[in-house]
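Here the protein sequences come in this chain order: A and L. Going letter by letter, the first sequence gives residues 0 to 504 in numbering that gives the first Met the number 0. Going letter by letter, the second sequence gives residues 0 to 159 in numbering that gives the first Met the number 0.
If you are wondering where the hints come from, they were derived from the structure by calculation, not from laboratory data. Glycine included, C-beta positions come from ideal geometry on N, C-alpha and C. Keep in mind that a hint or two might mislead.
Unchecked claim - Distance windows between CB atoms, simulated:
id: 1; chain 1: A; residue 1: Val-24; chain 2: L; residue 2: Val-61; range: 43 to 53 Å
id: 2; chain 1: A; residue 1: Arg-493; chain 2: L; residue 2: Glu-73; range: 23 to 33 Å
id: 3; chain 1: L; residue 1: Leu-11; chain 2: A; residue 2: Pro-262; range: 40 to 50 Å
id: 4; chain 1: A; residue 1: Glu-244; chain 2: L; residue 2: Leu-11; range: 53 to 63 Å
id: 5; chain 1: L; residue 1: Lys-74; chain 2: A; residue 2: Arg-288; range: 48 to 58 Å
id: 6; chain 1: L; residue 1: Gln-4; chain 2: A; residue 2: Ile-384; range: 43 to 53 Å
id: 7; chain 1: L; residue 1: Val-76; chain 2: A; residue 2: Val-411; range: 25 to 35 Å
id: 8; chain 1: L; residue 1: Pro-99; chain 2: A; residue 2: Phe-197; range: 53 to 63 Å
id: 9; chain 1: L; residue 1: Trp-7; chain 2: A; residue 2: Ser-163; range: 17 to 27 Å
id: 10; chain 1: A; residue 1: Leu-491; chain 2: L; residue 2: Val-76; range: 30 to 40 Å
Unchecked claim - Sample of chain A residues lacking proximity to chain L, with all beta carbon distances greater than 10 Å (derived):
id: 11; residue: Gly-162
id: 12; residue: Lys-251
id: 13; residue: Leu-277
id: 14; residue: Glu-290
id: 15; residue: Gln-338
id: 16; residue: Ile-342
id: 17; residue: Leu-385
id: 18; residue: Pro-388
id: 19; residue: Leu-414
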Amino acid sequence: MESLSSLVGGFGVALTPQNLMWCLVGTTLGTAIGVLPGLGPGLTIALLLPITFKVDPTAAFILFAGIYYGAMYGGSTTSILLNTPGESATIVTALEGNRMARSGRAGAALATSAIGSFVAGTVGTLGITFLAPVVVDFALQFGPAEYFALMVLAFVTVSAVLGSSAVRGLASLFLGFYLGMIGVDLQTGQPRFSFGLFELLDGISVIVVAVGLFAVGETLYVAARHYAGRDEIVPLKGSLYMTREEWSRSWKPWIRGTLLGFPIGAMPAGGAEVPTFLSYWLEKRLSRRPEEFGTTGAIEGVAGPEAANNASAAGVLVPMLTLGLPTSATAAIMLSAFQSYGINPGPLLLQSQGALVWGLIASLYVANVMLLVLNLPLIGLWVRILKVPPPLLYAGILVFATIGTYGISNSVVDLVLLYILGAVGFLMRRFDFPTAPVIIGMILGPLAETEFRRAMTISNGDWTVFFTHPLSAALLALAALGLLGPRIYALLRRDRRAETSPRGA
Amino acid sequence: MPRAQIAWPEALIGLGLIAFAGVVLWQTLAIPVSPLYSKVGPTVFPYMTVGGLAILGGFLLVSAARGGWQPEEEKEVALDRRALFFVAAGLLANVLLIGPLGFTVASTVLFVLVAHGIGSRRPVRDVLIGLVFSLISYFGFAKALGVNIGAGVLERLLGG
Numbered sequence: 000m001e002s003l004s005s006l007v008g009g010f011g012v013a014l015t016p017q018n019l020m021w022c023l024v025g026t027t028l029g030t031a032i033g034v035l036p037g038l039g040p041g042l043t044i045a046l047l048l049p050i051t052f053k054v055d056p057t058a059a060f061i062l063f064a065g066i067y068y069g070a071m072y073g074g075s076t077t078s079i080l081l082n083t084p085g086e087s088a089t090i091v092t093a094l095e096g097n098r099m100a101r102s103g104r105a106g107a108a109l110a111t112s113a114i115g116s117f118v119a120g121t122v123g124t125l126g127i128t129f130l131a132p133v134v135v136d137f138a139l140q141f142g143p144a145e146y147f148a149l150m151v152l153a154f155v156t157v158s159a160v161l162g163s164s165a166v167r168g169l170a171s172l173f174l175g176f177y178l179g180m181i182g183v184d185l186q187t188g189q190p191r192f193s194f195g196l197f198e199l200l201d202g203i204s205v206i207v208v209a210v211g212l213f214a215v216g217e218t219l220y221v222a223a224r225h226y227a228g229r230d231e232i233v234p235l236k237g238s239l240y241m242t243r244e245e246w247s248r249s250w251k252p253w254i255r256g257t258l259l260g261f262p263i264g265a266m267p268a269g270g271a272e273v274p275t276f277l278s279y280w281l282e283k284r285l286s287r288r289p290e291e292f293g294t295t296g297a298i299e300g301v302a303g304p305e306a307a308n309n310a311s312a313a314g315v316l317v318p319m320l321t322l323g324l325p326t327s328a329t330a331a332i333m334l335s336a337f338q339s340y341g342i343n344p345g346p347l348l349l350q351s352q353g354a355l356v357w358g359l360i361a362s363l364y365v366a367n368v369m370l371l372v373l374n375l376p377l378i379g380l381w382v383r384i385l386k387v388p389p390p391l392l393y394a395g396i397l398v399f400a401t402i403g404t405y406g407i408s409n410s411v412v413d414l415v416l417l418y419i420l421g422a423v424g425f426l427m428r429r430f431d432f433p434t435a436p437v438i439i440g441m442i443l444g445p446l447a448e449t450e451f452r453r454a455m456t457i458s459n460g461d462w463t464v465f466f467t468h469p470l471s472a473a474l475l476a477l478a479a480l481g482l483l484g485p486r487i488y489a490l491l492r493r494d495r496r497a498e499t500s501p502r503g504a
Numbered sequence: 000m001p002r003a004q005i006a007w008p009e010a011l012i013g014l015g016l017i018a019f020a021g022v023v024l025w026q027t028l029a030i031p032v033s034p035l036y037s038k039v040g041p042t043v044f045p046y047m048t049v050g051g052l053a054i055l056g057g058f059l060l061v062s063a064a065r066g067g068w069q070p071e072e073e074k075e076v077a078l079d080r081r082a083l084f085f086v087a088a089g090l091l092a093n094v095l096l097i098g099p100l101g102f103t104v105a106s107t108v109l110f111v112l113v114a115h116g117i118g119s120r121r122p123v124r125d126v127l128i129g130l131v132f133s134l135i136s137y138f139g140f141a142k143a144l145g146v147n148i149g150a151g152v153l154e155r156l157l158g159g
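All chains, please: the whole structure from these sequences, using the hints.
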């Protein structure tokens, strides 16, 4: 019940006219960038990080949270009408949603995804409300060794367990570690990897890395594939209101998707891909009309994964706010926003910044309501945004990328770095390296190093400290299992069947 | 199973990662370590990173020798070199012009070159849209966020 009274206080913060305005700006902007292919919430929040020098933390985080939730709603519109998933988490929505649109049921697909997102987002936010204090109580017992072990587990899950290849995921993660270490070591004051450049002493800004990988890399990728003008937007036909039958086919997938998405998002693994694919698979099996899957488009295959996607987005905020553990690129960038205010997310955040956190959580409820309105009655507006010609869209993205990087430092070094990272991002796309682990490694790597050194200082340089603390040992064992388990499993299967199996799933 | 051939682009990536690990090692050796922090100093994590990068580079090489991993879908697409050239030219022009001529001019050039590279064939329209877009962004960011983006000829003329 303590949560409830804190939440009421949070609404007091979120419902002030000024914060409502920030929430509206965030959700509108979020929907727009979710709709536009090539722009994501991580990139947008990175570009808006300079705002942290101007406005108070509550306003900034309400804005960021609005963008974060809004992008999830907007992404599904693009998936359904354009069959180009704006976000990796909406790939599944494109499968059935675009087929529904092609068979003239775009309206119903958009409606079930928006309402499903609302249901899942609201239940997910309820989940944050009640789960966050529980996790905090648990996390208060953590020492540096446990924190380090937890971060190792998160590293393994975000880079090696999810995604198509553990080696490539880990390579991205280690590249992120390197980028994160550039600059003055905070504990000893020694400069590291600065190559004698004055500009690098402060480290590389996450803005440069995120914008380079996501915006410049993406533009190069699109240019190289000669993408222009190939997409066909399915015209929005049919009523936006679902029939009675469509309602009754949607509500169970919404609930199942939410139940899958939130817990998986809240685990220190994160990621929306797993729950959305799981939900799709589940709905396909449970559906009474499996023949519609992959042909005319099944509404269950939109409703379930969309709910899973939004619920897991809410779930990701739990480890971020309670443990300071970001498990997606967007969450990592939000964590760096906390750092730029000098706030350290962690178990003490709820006490030391109660008004901020509960205001943020309350604003998530508000954001969901706003997004439902923005994405159903106003859907025509977003469809119009989809018609921006790709050449102008990507040219505009690069202009914004320049503002975001040159604007913070006025240094040409940053611009050159931005373009080098853009080239790296392009190669990563071409050769199937995930980019999110770079951002996570860059933000979380230095925190892991700090915890590691703290633990080692406390233990007087005794390495065994990570294995003698039971919780830390258990977390490290889980990480090892996540890293090696699939490979051992694949080997065992190969022995048994004497045939080569393609990678353990 | 057909005998896999070594995939050269992927092998280069593996070698590149190992070479990168070498650079990181070289830079780590250059970090002066105070004896006070000899236990877990500022070089422990860098060394771990070096090790990790080198090992992963090795794994990538092995994988390249077995035929590589680039998805078929990516392999099929031939690189549009002309488009890449124009985008790269736009980026280069931006770096070179932003100092002497300021943000708006540099961004407009960037905008036009990138739009042309990605397939726009209406340069006059692109120049106009690019100019207006850059000016709005400039004044929007400079005033709303208080971020100082390089002012140049045009910005001063307009009272930025």
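Right, here's what the structure says about each hint:
no., hint, verdict
1, A:Val-24 - L:Val-61: 43 to 53 Å, "holds (50 Å)"
2, A:Arg-493 - L:Glu-73: 23 to 33 Å, "holds (27 Å)"
3, L:Leu-11 - A:Pro-262: 40 to 50 Å, "holds (42 Å)"
4, A:Glu-244 - L:Leu-11: 53 to 63 Å, "holds (56 Å)"
5, L:Lys-74 - A:Arg-288: 48 to 58 Å, "violated (37 Å)"
6, L:Gln-4 - A:Ile-384: 43 to 53 Å, "holds (46 Å)"
7, L:Val-76 - A:Val-411: 25 to 35 Å, "holds (33 Å)"
8, L:Pro-99 - A:Phe-197: 53 to 63 Å, "violated (22 Å)"
9, L:Trp-7 - A:Ser-163: 17 to 27 Å, "holds (21 Å)"
10, A:Leu-491 - L:Val-76: 30 to 40 Å, "holds (37 Å)"
11, Gly-162, "holds (12 Å)"
12, Lys-251, "holds (35 Å)"
13, Leu-277, "holds (23 Å)"
14, Glu-290, "holds (28 Å)"
15, Gln-338, "holds (18 Å)"
16, Ile-342, "holds (20 Å)"
17, Leu-385, "holds (16 Å)"
18, Pro-388, "violated (7 Å)"
19, Leu-414, "violated (5 Å)"
Going through the hint list in order, the structure does not satisfy hints 5, 8, 18 and 19.
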